[in-house]
Every structure is written in C-alpha cells, then in structure tokens.
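*Asks:* Could you put the whole structure together from the sequences, leaning on the hints where they help?
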Amino acid sequence: MSSKNCSGCHGAIKSREYLQCPQCEQLYDLECANISSREFKSLTSEHRRIWKCPDCLSKQRKCGDNTNTPIRRANNTQNFTSTSNVAPDECANNVTLRTKAQLHPTIAATQSYVTEERLRDILRQEITDMLKATIKELVTKDLTNINNQISTFHESLNFFNDCFESLKKDIEEKTATIKTLQTDNANLQATVSDLSER
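Note that the working numbering gives residue 16 to position 16 of the sequence shown, counting from 1, and the numbers run on in steps of one.
Worth flagging that the hints you see were computed from the coordinates, not collected in a lab.
Each hint should be verified, as a subset may be incorrect.
As the list claims (entries may be wrong) - Calculated pairs, DSSO-like style, for lysine-lysine (alpha carbon to alpha carbon, straight line, at most 30 angstroms):
1) Lys4 - Lys14
2) Lys136 - Lys168
3) Lys136 - Lys169
4) Lys168 - Lys179
5) Lys4 - Lys41
6) Lys169 - Lys141
7) Lys168 - Lys132
8) Lys179 - Lys169
*Replies:* Here it is in structure tokens:
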C-alpha cells in the first residue's frame, strides 16, 4: 500500500481525514485544506466530492467573490460550490462583490441608541443633581453667615452685659454714698439746731 502525501505540505497523510480535489486529484490534509476535524466530519459525501483545492480555485477565472483565494483562510463551505453559477455580466465586468462587514454580536449588542424618554430621564437626573448641589452650597454658605452673625451678636451681648453689670455696681455704690451723705447731713442739721437753741 503506497503512502499518501499532502500536496500542500508534502507530508505523509496518516489519518483517514483528508480531501481529494476532483479536478487535479491531489490529496490535502485538513490543515492544508483549511478545514477543522469537526468541519470535516460534518461534511456530506457530496460536499467532499465537489471540494476543490486552493490551487484549482486560484486557477479559475477571477470573477465574482474572491474570498476563496489560498492566501487567506476562507469560509470552507464555499470551497464546495462551483463558480460556474456566477452571472455572466459579473465575470465580464470583473467586479468583485463584497458584503459589508458585519459587527461582532457582542459589539452590536453594546451599541444602543438613546431614546427620547431615556434622554429626558438623563436630563432630569442631571438637573436634579445640579439643583441639589447648588442648594447644598447656598444653604451651607448661608448657615456659615448665620453662624458668624450669631457669634458676633453673642460677643456684643456679652459686652453689653458686662457694661450693664459695671453700671449697676456703680449705681449701687453711688446710692450707698448718697444715703451716707443724707444721714450725715441730717445729723449735722440736728447739731446746728441744738447749737442755735443754746
């Protein structure tokens, strides 16, 4: 039994998982055919029969979709379809048709548009937060001013209280002095009266 060699890497094909091109009859292992073992097992016999190697695909007339070129890993299920079903006008114009790149599902899921209602909620929240911050700042400022005024008033009150106490003390002393003088005056008048009568 002769050994089978891969036409891509020229290595020996040791497993039963390989593909043969019906056009050139060359054998390719799964790595050179750009097909995983799992993909190979999912292929039908019909797909395996019509599979074309990268060389044969690259030799075909360049028209239509060129994603099957051997220089990049292609969507392998496209290797099993013939390019003969490409419209003649596409081949004549030699126009390569490309599909728009699709966003990865996770990227597409993260992109969301802001609805009018959501925008209202955002603005309402921003305005509420701004008002709260402004009110807090104003109240804090006013309370600081009120505290300063209360402190000043308290100092003034203490000053007036000290003045009142000092004045009260002076009045009490003067009242006592007046009473003493009145008593002395009465005594002197009595003495003068006694002396006058003699």
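*Asks:* For this structure, which hints from the list above don't hold up?
*Replies:* Hints 2, 3, 6 and 7 contradicted; others consistent.
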